[in-house]
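With the hints as extra help, turn the sequences into a complete structure.
So the chains spell out like this:
2 protein chains.
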Amino acid sequence: MNAVLKLLHHIQVHFNFRVLAGDIGFNVHTVFLNCINELGTDEQIAKWVPLAQNYNIIGTYAQTELGHGTYLRGLETTATFDMSTQEFLINTPKISAMKWWPGDLGRSATHALVLAQLYIKGKNYGMHPFLVQIRSLHDHSPLPGITVGDIGPKMGFAHVDNGYLFLRNIRIPLQNMLSRYSQVLPDGRYVKRGSEKINYFSMILVRVNMIGEVVVGTLTKACMIAIRYSVVRRQSEFKPGAAEAKILDYQTQQGKLLPQLATVYAFHFLCPYLLDYYNLVHHEIKSGNFKSLPELHALTAGMKALVTEYSTAGVEVCRRACGGHGYSMLSGLPSLYSYVLAACTYEGENTVLYLQTARYLVKCLAMGQSGQSLPQSVAYLTSALSRRCQARDKSDFLKTEIYLDAFEHRACRLIRGAASKVQALVHSGLEQYEAWNSTSVELLEASMAHCQYIIVKVFVDTVEKLNSDPGIHISLKRLCHLFALHWIRTNAGSFLHNEYISGNQLDMVTEIYLDLLLLLRKEAVVLVDAFDYTDEQLNSALGSYDGQVYQRLFEWAQKAPENHQVNSAYEKHMKPLFHSALSKL
Amino acid sequence: MNAVLKLLHHIQVHFNFRVLAGDIGFNVHTVFLNCINELGTDEQIAKWVPLAQNYNIIGTYAQTELGHGTYLRGLETTATFDMSTQEFLINTPKISAMKWWPGDLGRSATHALVLAQLYIKGKNYGMHPFLVQIRSLHDHSPLPGITVGDIGPKMGFAHVDNGYLFLRNIRIPLQNMLSRYSQVLPDGRYVKRGSEKINYFSMILVRVNMIGEVVVGTLTKACMIAIRYSVVRRQSEFKPGAAEAKILDYQTQQGKLLPQLATVYAFHFLCPYLLDYYNLVHHEIKSGNFKSLPELHALTAGMKALVTEYSTAGVEVCRRACGGHGYSMLSGLPSLYSYVLAACTYEGENTVLYLQTARYLVKCLAMGQSGQSLPQSVAYLTSALSRRCQARDKSDFLKTEIYLDAFEHRACRLIRGAASKVQALVHSGLEQYEAWNSTSVELLEASMAHCQYIIVKVFVDTVEKLNSDPGIHISLKRLCHLFALHWIRTNAGSFLHNEYISGNQLDMVTEIYLDLLLLLRKEAVVLVDAFDYTDEQLNSALGSYDGQVYQRLFEWAQKAPENHQVNSAYEKHMKPLFHSALSKL
Numbered sequence: 001m002n003a004v005l006k007l008l009h010h011i012q013v014h015f016n017f018r019v020l021a022g023d024i025g026f027n028v029h030t031v032f033l034n035c036i037n038e039l040g041t042d043e044q045i046a047k048w049v050p051l052a053q054n055y056n057i058i059g060t061y062a063q064t065e066l067g068h069g070t071y072l073r074g075l076e077t078t079a080t081f082d083m084s085t086q087e088f089l090i091n092t093p094k095i096s097a098m099k100w101w102p103g104d105l106g107r108s109a110t111h112a113l114v115l116a117q118l119y120i121k122g123k124n125y126g127m128h129p130f131l132v133q134i135r136s137l138h139d140h141s142p143l144p145g146i147t148v149g150d151i152g153p154k155m156g157f158a159h160v161d162n163g164y165l166f167l168r169n170i171r172i173p174l175q176n177m178l179s180r181y182s183q184v185l186p187d188g189r190y191v192k193r194g195s196e197k198i199n200y201f202s203m204i205l206v207r208v209n210m211i212g213e214v215v216v217g218t219l220t221k222a223c224m225i226a227i228r229y230s231v232v233r234r235q236s237e238f239k240p241g242a243a244e245a246k247i248l249d250y251q252t253q254q255g256k257l258l259p260q261l262a263t264v265y266a267f268h269f270l271c272p273y274l275l276d277y278y279n280l281v282h283h284e285i286k287s288g289n290f291k292s293l294p295e296l297h298a299l300t301a302g303m304k305a306l307v308t309e310y311s312t313a314g315v316e317v318c319r320r321a322c323g324g325h326g327y328s329m330l331s332g333l334p335s336l337y338s339y340v341l342a343a344c345t346y347e348g349e350n351t352v353l354y355l356q357t358a359r360y361l362v363k364c365l366a367m368g369q370s371g372q373s374l375p376q377s378v379a380y381l382t383s384a385l386s387r388r389c390q391a392r393d394k395s396d397f398l399k400t401e402i403y404l405d406a407f408e409h410r411a412c413r414l415i416r417g418a419a420s421k422v423q424a425l426v427h428s429g430l431e432q433y434e435a436w437n438s439t440s441v442e443l444l445e446a447s448m449a450h451c452q453y454i455i456v457k458v459f460v461d462t463v464e465k466l467n468s469d470p471g472i473h474i475s476l477k478r479l480c481h482l483f484a485l486h487w488i489r490t491n492a493g494s495f496l497h498n499e500y501i502s503g504n505q506l507d508m509v510t511e512i513y514l515d516l517l518l519l520l521r522k523e524a525v526v527l528v529d530a531f532d533y534t535d536e537q538l539n540s541a542l543g544s545y546d547g548q549v550y551q552r553l554f555e556w557a558q559k560a561p562e563n564h565q566v567n568s569a570y571e572k573h574m575k576p577l578f579h580s581a582l583s584k585l
Numbered sequence: 001m002n003a004v005l006k007l008l009h010h011i012q013v014h015f016n017f018r019v020l021a022g023d024i025g026f027n028v029h030t031v032f033l034n035c036i037n038e039l040g041t042d043e044q045i046a047k048w049v050p051l052a053q054n055y056n057i058i059g060t061y062a063q064t065e066l067g068h069g070t071y072l073r074g075l076e077t078t079a080t081f082d083m084s085t086q087e088f089l090i091n092t093p094k095i096s097a098m099k100w101w102p103g104d105l106g107r108s109a110t111h112a113l114v115l116a117q118l119y120i121k122g123k124n125y126g127m128h129p130f131l132v133q134i135r136s137l138h139d140h141s142p143l144p145g146i147t148v149g150d151i152g153p154k155m156g157f158a159h160v161d162n163g164y165l166f167l168r169n170i171r172i173p174l175q176n177m178l179s180r181y182s183q184v185l186p187d188g189r190y191v192k193r194g195s196e197k198i199n200y201f202s203m204i205l206v207r208v209n210m211i212g213e214v215v216v217g218t219l220t221k222a223c224m225i226a227i228r229y230s231v232v233r234r235q236s237e238f239k240p241g242a243a244e245a246k247i248l249d250y251q252t253q254q255g256k257l258l259p260q261l262a263t264v265y266a267f268h269f270l271c272p273y274l275l276d277y278y279n280l281v282h283h284e285i286k287s288g289n290f291k292s293l294p295e296l297h298a299l300t301a302g303m304k305a306l307v308t309e310y311s312t313a314g315v316e317v318c319r320r321a322c323g324g325h326g327y328s329m330l331s332g333l334p335s336l337y338s339y340v341l342a343a344c345t346y347e348g349e350n351t352v353l354y355l356q357t358a359r360y361l362v363k364c365l366a367m368g369q370s371g372q373s374l375p376q377s378v379a380y381l382t383s384a385l386s387r388r389c390q391a392r393d394k395s396d397f398l399k400t401e402i403y404l405d406a407f408e409h410r411a412c413r414l415i416r417g418a419a420s421k422v423q424a425l426v427h428s429g430l431e432q433y434e435a436w437n438s439t440s441v442e443l444l445e446a447s448m449a450h451c452q453y454i455i456v457k458v459f460v461d462t463v464e465k466l467n468s469d470p471g472i473h474i475s476l477k478r479l480c481h482l483f484a485l486h487w488i489r490t491n492a493g494s495f496l497h498n499e500y501i502s503g504n505q506l507d508m509v510t511e512i513y514l515d516l517l518l519l520l521r522k523e524a525v526v527l528v529d530a531f532d533y534t535d536e537q538l539n540s541a542l543g544s545y546d547g548q549v550y551q552r553l554f555e556w557a558q559k560a561p562e563n564h565q566v567n568s569a570y571e572k573h574m575k576p577l578f579h580s581a582l583s584k585l
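Sequences listed follow chains A and B, in order. Heads up: the first sequence begins at 1 in UniProt numbering, then just goes up one per residue. Heads up: the second sequence begins at 1 in UniProt numbering, then just goes up one per residue.
Some hints could be false.
Unchecked claim - Below, a list of computed lysine-lysine pairs in the DSSO-like style, where the Cα atoms sit at most 27 Å apart: (1) K363/B to K47/A; (2) K291/B to K363/B; (3) K522/A to K457/A; (4) K246/A to K363/B; (5) K363/B to K394/B; (6) K47/A to K575/B; (7) K522/B to K421/A; (8) K399/A to K421/B; (9) K154/A to K246/B.
As the list claims (entries may be wrong) - Restraint ranges, calculated between C-beta atoms of paired labels, are given here: (10) D187/B to L582/A: 29 to 39 Å; (11) S335/A to Y71/B: 26 to 36 Å; (12) Q551/B to D42/A: 23 to 33 Å; (13) H564/B to K291/A: 46 to 56 Å; (14) Y545/A to M367/B: 45 to 55 Å; (15) A243/B to S335/A: 34 to 44 Å.
Unchecked claim - Over the 12 Å line for every Cβ pair with chain A, so calculated as not near, a few chain B residues: (16) Y125; (17) T382; (18) T462.
These are computed hints drawn from the structure, not numbers from a lab. Virtual Cβ for every residue (Gly too), placed ideally from N, Cα, C.
Structure, rendered in structure tokens:
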């Protein structure tokens, strides 16, 4: 498997950032900077960017409120234009409007990019970004009218600075509203350039980046730890009379870990696909063309939801696959889990994101049905559906066109089905919003099916295009097959539903899936080693390269502080009780 | 819904233990005590139990080893009988044989019930329990030959005492082997009374108790927090122009939380069923009848796996359903999650347990096929299968016999299918152990299907037998229907597979499931309030009875220690940088 080891170089290029581990403070400072660069005028960029780049100010992105999360139009913070002084008045009208969660806000930031409802002469113009200084540059104390602090302990990120912010009549100059795409003129007129969706654009980049930098890397590390441990750990008599078997030789362990390994590769290949498309749309927008923004938004929303959901579940599968030792912090797995878990909620709650994608899909379907041409990623929505899966024996499920058709068929069917239900409910007299809500469980499933189809397609396309060594190519193809068939198995109901796939064909899927597990069992260690995280980066007693699991667990455990302290309960409480046992034993 | 409130009293009876919250130290001390009571002779009980009851000694149950978990026959610790001194020599032969994980061992216990391989004159008699003193009763220091300490930090239970233990030539008297069911005589003869499975018996009780006391209570609390929060939290414009809607009015939120609420009731009713059966078998064993032990073992193994798995998943669904605030420790949800999570691994790793149940099922099937009568819980394995689901319209899925038949049919089909595959592989030339391993992914699915069938059946039977108020009865029936239909939807593939249920019927299931969500939406708050945990017990800013979510979050956050400390980074690192910005702003 020397061939597979060569993957290392190919992967390394994309992993330069990841291997730096990157848990620096002032994380959100970068988001602050990006926002100014994206949403600021040239003058605003010239003024603020150098200050932020040199850390002369520390910025935070203050969007989420105590009572308002992913639904941005619901934000309650206000920015009221005062023409007499040419200033905005920034206010937190009530407790649920407090900014809550922004990173670096509670103990660090000097400035906040506050997202607030713009009011001019009593009229609301929607959410806009405002630069607000919150702490003194003299002594770091909160400015008058500012209440700021840390929101307290969180799962996993106990020590990270997340803050709250209450603003009382804070005055900022007219120039502090970021004005590349919408501007308030001194006389109170409001000028808009481009789509109102542009305020979401910086969030799109955050989502694309977090998939690559935070989420996929975490699943990769977890796979590396669990797969390495599974060839060291032995359990139970496998063959009667023989030594206990390596746990990776158990089919159930393969069925847990190898689909996660395939997922690592699938998501790894998804990242450049999303980034390329982001860059394309970014380029278009810079030249005033906003037409691809809805597709990019819908694509990244759903993908953020799916990738974070599956990566989190995958890390937990890896953790549990290590049995009791996966529960020890010394395995490194619990901290990976609580790290990636947060991503299911931050930068957009996953259910809300899936439904945003669903809304786009239903809209596109209607457009397509009325004869309009559709963007590339959703063009399949109006294609003619093949009626049945064409597989005749199990080896047919190693043909990418067979399973791609299955994913396409299913996504199409679910989206069309959900859209029809919405329409039927409206026809039966329900309001559009009621009809939508009454279908949202099904819309969610349809949205996931769409994302799954795209991911399988990107995996297939990427592997086909790679000019790699034949040995690598075979391994990657196996991973791709396993990945697709794993999703067919775990979502079997929606493939069987309209008899697109028969029970008999599903049995073939299971057979070939189990065959692939056995083949990939032999390649699993090199396929994770290819990612080449160092022992220091993994920080795991279970996952080190040398496989000295038990020695390391024992060494590390002995260093625990509890082992170097006196048990104070003994002297005070237990001693008299124990002494009275002496005469009886 | 006054009727539903009356549930309170009914439930309270079963919940007396839970509401005490019960996080006392010396948790495993009770297991130690139970083991002596179960496995000790009358003399051993008379000697040791009073000492332990009075806390004159603190006991731990030392079974799991660093390199050996659920597979008990693989344990490496040895107890060698030395006839010349009438003692056992207890030894840890190598590092992987160290006892690892026992509760209270690392910093507290004076005695350990050590599970070790018994050797007499060079012959191994398998695992037996030995009472070993590990610390001095004079000064609590480890005795000569004992290395003992804490295994270090764990997910969630960072401060709980879990220990390691290395034993070097520790001598204990002959009388310290617990000898109710197997005994070593002074001349080295080995006497056995009853099944060798009896050593597992105390673990069965631990599993039954943990389901009721630890697992179900945790899911209940999580549901209570999430459902209460969901009628306070508002998000997004539901009806255009109206106020933001309560999130529990969203179908997707109902689809997350209400199945969890139904699961709480299902598992709640499962507990007395398991405990009753345990008591019955316990009674039989005390009178020397071991015939029901295999069934009890298989039943509780699978149920422990399923209940812990679904409860953990359910707590996490509740946590995420609270959005960002569910990630805050102040919600109370993260600690519930990491508490229940551990139960998926301790007292038997879930995959291993499911496969133990599968082994029993396959064995029973073969017995049944050869004409032998089967124990009650598995009698259905040889029943004639109805060919198709008889439902004609959606209301048919509110008939318990319709969905019970579906669960029975599916479990039966999966178990028979997996058993046939094992047989076919053996016929084709594979060794039995290879055939078993090559089928274990399918055996696992079959085992889960069996457990699901039993749980749905117990829910149906319990609701039918309850003499409750008609209002309560209707609510409980709805929960039971929702519970069953939720599992049909989420496991749709295996119901559709052989066309037992058609795609059309599955659409009916979805329809009636969505109808039930809407009906139960109105009853959800009273149905969780019925469990009546106090605010102090929930310890959640989101779940308090008065619904003052935002005020409480803000109050509690302000108390965080970070808000009462000076930011030391400012003076040292940031001040010069910030000061240089002063001239530019």
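Just tell me: holds or violated, for the beta carbon distance of S335/A and Y71/B against 26 to 36 Å? Since S335/A and Y71/B have Cβ atoms about 28 Å apart, the given range 26 to 36 Å holds.
Consistency of the no-contact label for T382/B, given chain A and a CB cut of 12 Å: 23 Å, holds
Could you say whether the range 45 to 55 Å given as a hint is met by the Cβ separation of Y545/A and M367/B? 49 Å Cβ-Cβ, so the 45 to 55 Å window holds.
Measure nothing beyond the straight line between the CA atoms of K522/A and K457/A; if it is 27 Å or shorter, mark the hint as holding. 26 Å, holds
Outcome of range test on Cβ distance (Q551/B, D42/A; 23 to 33 Å): The hint (23 to 33 Å, Cβ to Cβ) is violated, given that Q551/B and D42/A are roughly 44 Å apart.
Restraint check for K363/B with K394/B, where alpha carbons must lie at most 27 Å apart: 37 Å, violated
Would Y125/B pass as off the interface with chain A, using Cβ distances and a cut of 12 Å? Non-interface label stands for Y125/B: nearest chain A Cβ at 17 Å, farther than 12 Å.
Should the label of T462/B as a non-interface residue stand, given a Cβ cut-off of 12 Å to chain A? Holds, because the least Cβ-Cβ distance between T462/B and chain A comes to about 28 Å, which exceeds 12 Å.
With respect to the beta-carbon atoms only, verify the hint that D187/B and L582/A lie 29 to 39 Å apart. With a Cβ separation near 32 Å, D187/B and L582/A satisfy 29 to 39 Å, so the hint holds.
Take a quick look at whether K399/A and K421/B sit within 27 Å of each other, Cα to Cα. 26 Å, holds
Is K363/B within 27 Å of K47/A, Cα to Cα? 77 Å, violated
Need the status of pair K47/A, K575/B: alpha-carbon distance at most 27 Å? 20 Å, holds
Comparing the model with each numbered hint stated earlier shows that hints 1, 5 and 12 do not hold.
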